[in-house]
Amino acid sequence: MPIIVKVDICVGCEACVNECPFGAIEMKDEKAVIGDKCTLCGTCVDTCPSFAIEMTDEPKAVPAADLSAYKGVWVFAEQRNKKIVPVARELIGEGRRLADLLGEELSAVLFGNGMDAEARSLIEAGADRVYQVEDGLLNEFHEDAYADALSQLIKKYKPEIVLAGATSIGRAFVPIVATRVRTGLTADCTALDIDRENKNLLQTRPAFGGNIMATIACPNNRPQMATVRPGVMKSLLPDAARTGGIIKEAPASPLTSRTKLLETIEEAGHKINISEAEIIVSGGRGMGEKGFELLKEIADMLGGVVGATRAAVDSGWMPYPHQIGQTGRTVSPRLYIACGISGAIQHLAGIQSSDMIIAINKDPDAPIFNVADIGIVGDVFEVLPAFARKLKEMKGR
Amino acid sequence: MNIAVCVKQVPDASEVKIDKATGTMVREGVPAVLNPFDAYAVEEAVRLKEKHGGKVSAVTMGPPQAGEVLKHVVAMGADDVMLISDRAFAGADTWATSYTLGLGLKKLGPLDLVICGKQAIDGDTAQVGPGVAENLGLPFVAYVRRIVDVSGGKMRVERLIEDGYEVVEVSLPAVITVVKEINAPRMPSLKGKMKAKSLEIKPLSAQDIGAEAEKIGLAGSPTKVMKVFSPPPKGNREKIDGAPEEQAARLAEKLKALKII
Ligand SMILES: Cc1cc2nc3c(=O)[nH]c(=O)nc-3n(C[C@H](O)[C@H](O)[C@H](O)COP(=O)(O)OP(=O)(O)OC[C@H]3O[C@@H](n4cnc5c(N)ncnc54)[C@H](O)[C@@H]3O)c2cc1C
Ligand SMILES: Nc1ncnc2c1ncn2[C@@H]1O[C@H](COP(=O)(O)O)[C@@H](O)[C@H]1O
Chain A
1 MPIIVKVDIC
11 VGCEACVNEC
21 PFGAIEMKDE
31 KAVIGDKCTL
41 CGTCVDTCPS
51 FAIEMTDEPK
61 AVPAADLSAY
71 KGVWVFAEQR
81 NKKIVPVARE
91 LIGEGRRLAD
101 LLGEELSAVL
111 FGNGMDAEAR
121 SLIEAGADRV
131 YQVEDGLLNE
141 FHEDAYADAL
151 SQLIKKYKPE
161 IVLAGATSIG
171 RAFVPIVATR
181 VRTGLTADCT
191 ALDIDRENKN
201 LLQTRPAFGG
211 NIMATIACPN
221 NRPQMATVRP
231 GVMKSLLPDA
241 ARTGGIIKEA
251 PASPLTSRTK
261 LLETIEEAGH
271 KINISEAEII
281 VSGGRGMGEK
291 GFELLKEIAD
301 MLGGVVGATR
311 AAVDSGWMPY
321 PHQIGQTGRT
331 VSPRLYIACG
341 ISGAIQHLAG
351 IQSSDMIIAI
361 NKDPDAPIFN
371 VADIGIVGDV
381 FEVLPAFARK
391 LKEMKGR
Chain B
1 MNIAVCVKQV
11 PDASEVKIDK
21 ATGTMVREGV
31 PAVLNPFDAY
41 AVEEAVRLKE
51 KHGGKVSAVT
61 MGPPQAGEVL
71 KHVVAMGADD
81 VMLISDRAFA
91 GADTWATSYT
101 LGLGLKKLGP
111 LDLVICGKQA
121 IDGDTAQVGP
131 GVAENLGLPF
141 VAYVRRIVDV
151 SGGKMRVERL
161 IEDGYEVVEV
171 SLPAVITVVK
181 EINAPRMPSL
191 KGKMKAKSLE
201 IKPLSAQDIG
211 AEAEKIGLAG
221 SPTKVMKVFS
231 PPPKGNREKI
241 DGAPEEQAAR
251 LAEKLKALKI
261 I
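Protein chains in written order, with our numbering: chain A, 1 to 397; chain B, 1 to 261.
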């Protein structure tokens, strides 16, 4: 094991035991002992107040190739039905910031035929350049074709950083690309930055349902790749005066696909994509079946959508696509109103990156209040109808 | 059908508690369980076997005690198990994990289908499934919520997307990841439990699967964890007291001030 505890220095303070994210350290005879669950994350090395824990065999920094050959920040500009998804513009905003910090260029990668207007809009959104790959197979999402097209481009132009949205498309095919080009990929990031010392990309993401955060780097391989959670980065205001180059690329070898898309079905009643919703009015077991009608009414008035806990979905009060949390969707709205929700750890996992959380619960000790910006202790069946009346009154004015 | 499932042992999320005073996670003494998404993978594999015949093999990479999840999976109906366990694998990121699992899966001989969970609830990356597909050179479909039909070397599935689902046909062999909606995992049967009890698991080492040292464990992982920390507690917490009418009115005013109304 490359992490060792120097028993003569260890004072048995247990600081590492408490900090280990994986619960891998135990005390034996008042000394810390590192067990099998260790993932070599190094948290204990940093935590130990007595410097008794060391990483012996720190992996030698052997760059896989000449890293300086890789330049520029890329954003994968995902489109669905020829429309660029919001997270792509958010990433252009963030990518602009990173590119400026590095003093490099920002490029967008756009797939599909007949996308000239969208390519132009990416320049206006902040990109210096757009690589437009035109191929009929890329109009819709096919894992094989998307992975081939992006890997080919990366091998040809050698970008330093590649960002994509952590959407059902991005999370499905970007891992294939990273595996193929033999580089690291950090999933579902919520913060990005550049390390001042060595210019590496620092990628911060929640793990364990948002209960711990990890900052991850990819020091010896390029490009540095990340998928980023929708809704957390800020897009720039479009600027029609911006100029940039649009480069049309034909795939180096013809694209093929071993999957065939037969049909796309938008499910009735939830056309709205809850992962990208700005306002979510969410209900739990405390709402009861009837209560969800009230939530829908309030959500409509606020221009938002309805979310639900697993308990509510399991009771059949809302369909599964509305479920938020570890086994449902991850959301990052501007406002999350939690009604009759206890705040179980698995539910909180899905709402950590909300800008503001308001909780209404009759139990003052409900854990939801630990994460709420505004807490209302009260009965949802008293507070919410009054709130709905108030909203109507304000709208009527 | 010859089906393999990838299963992982993870800390039991329902046992994880938050320390009220510090707002940090209490990680000590949390029992380990089968990753909940992998239970859906196992269930689906067993159902396919029941319908089409064949066999289900379960593969895990992890420390020796990770073999416990293999017992659970056998109790649910899996036929064969493979535990890939070696100190040299410690510290593997998703790249190195996918490579390692890929080698293990290749040892199983020709497969028709590999099923993974959507994600493991400790890392939440959802990257190992697609990574395994690439290592095996097989087509991949993520977020499968229903297997509609398997016939003629093809499989038709429903893939969950943000605002609905897509019906996709994929040629076999293939790798898929599955979501909760796909099924309700069964309880282990008594017969299954008996079988699990007598199960002998011989771990395979890095050498046994023919792994290259520079592609496994910490050394083979392109990503490095720089820092692990607890999310900062949220400040400015505020309570709205009073009678319900008053609470509702003040909430509406707040939202108006925030320009939400
Ligand atoms: C592996 C695993 C994965 C899971 N994944 C998810 C997931 O993705 N998403 C998820 O949500 N859950 C998930 N869960 C379930 C989770 O642990 C909780 O059981 C669930 O979130 C609880 O939902 P709830 O808050 O609606 O219900 P409860 O915990 O029953 O809470 C109801 C709350 O309503 C309050 N209440 C009742 N009546 C009123 C009233 N009249 N006025 C005001 N307040 C009232 C009560 O005080 C209580 O706090 C998962 C569990 C496991 C084990
Ligand atoms: N160490 C492992 N052993 C076996 N299967 C794994 C392992 N890690 C991940 N998996 C599989 O890959 C899926 C996604 O995991 P992850 O990419 O870690 O979120 C899991 O649901 C498992 O099916």
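Think of the hints as simulated: they come from the structure by calculation, not from any bench.
Being a predicted model, the structure only gives us computed values, none of them experimental.
There's no promise every hint is true.
Every beta carbon over 10 Å from chain B, so not counted as near; a handful from chain A, in silico [as the list claims (entries may be wrong)]:
1. 139
2. 143
3. 144
4. 213
5. 290
6. 296
7. 390
In silico lysine-lysine, BS3-like type, Cα no more than 25 Å apart, as pairs [said to hold, decoys possible]:
8. A:392 with B:259
9. A:296 with B:254
10. A:234 with B:107
11. B:239 with A:31
12. B:239 with A:362
13. B:215 with A:158
14. A:296 with B:259
15. B:227 with A:37
16. A:37 with B:254
17. A:296 with A:392
18. A:155 with B:215
19. A:155 with A:199
20. B:154 with B:51
21. B:215 with A:390
22. A:392 with B:227
23. B:51 with A:395
Yeah, the Cβ is synthetic: ideal placement off N, Cα and C, and Gly gets one too.
Hint-by-hint comparison with the structure:
| no. | hint | verdict |
| --- | --- | --- |
| 1 | 139 | holds (14 Å) |
| 2 | 143 | violated (5 Å) |
| 3 | 144 | violated (6 Å) |
| 4 | 213 | violated (5 Å) |
| 5 | 290 | holds (17 Å) |
| 6 | 296 | holds (17 Å) |
| 7 | 390 | violated (4 Å) |
| 8 | A:392 with B:259 | holds (16 Å) |
| 9 | A:296 with B:254 | holds (20 Å) |
| 10 | A:234 with B:107 | violated (47 Å) |
| 11 | B:239 with A:31 | violated (45 Å) |
| 12 | B:239 with A:362 | holds (13 Å) |
| 13 | B:215 with A:158 | holds (22 Å) |
| 14 | A:296 with B:259 | holds (20 Å) |
| 15 | B:227 with A:37 | holds (18 Å) |
| 16 | A:37 with B:254 | violated (47 Å) |
| 17 | A:296 with A:392 | holds (14 Å) |
| 18 | A:155 with B:215 | holds (20 Å) |
| 19 | A:155 with A:199 | holds (21 Å) |
| 20 | B:154 with B:51 | holds (15 Å) |
| 21 | B:215 with A:390 | violated (62 Å) |
| 22 | A:392 with B:227 | violated (48 Å) |
| 23 | B:51 with A:395 | violated (57 Å) |
Taken one by one, the earlier hints fail for this structure at numbers 2, 3, 4, 7, 10, 11, 16, 21, 22, 23, listed in ascending order.
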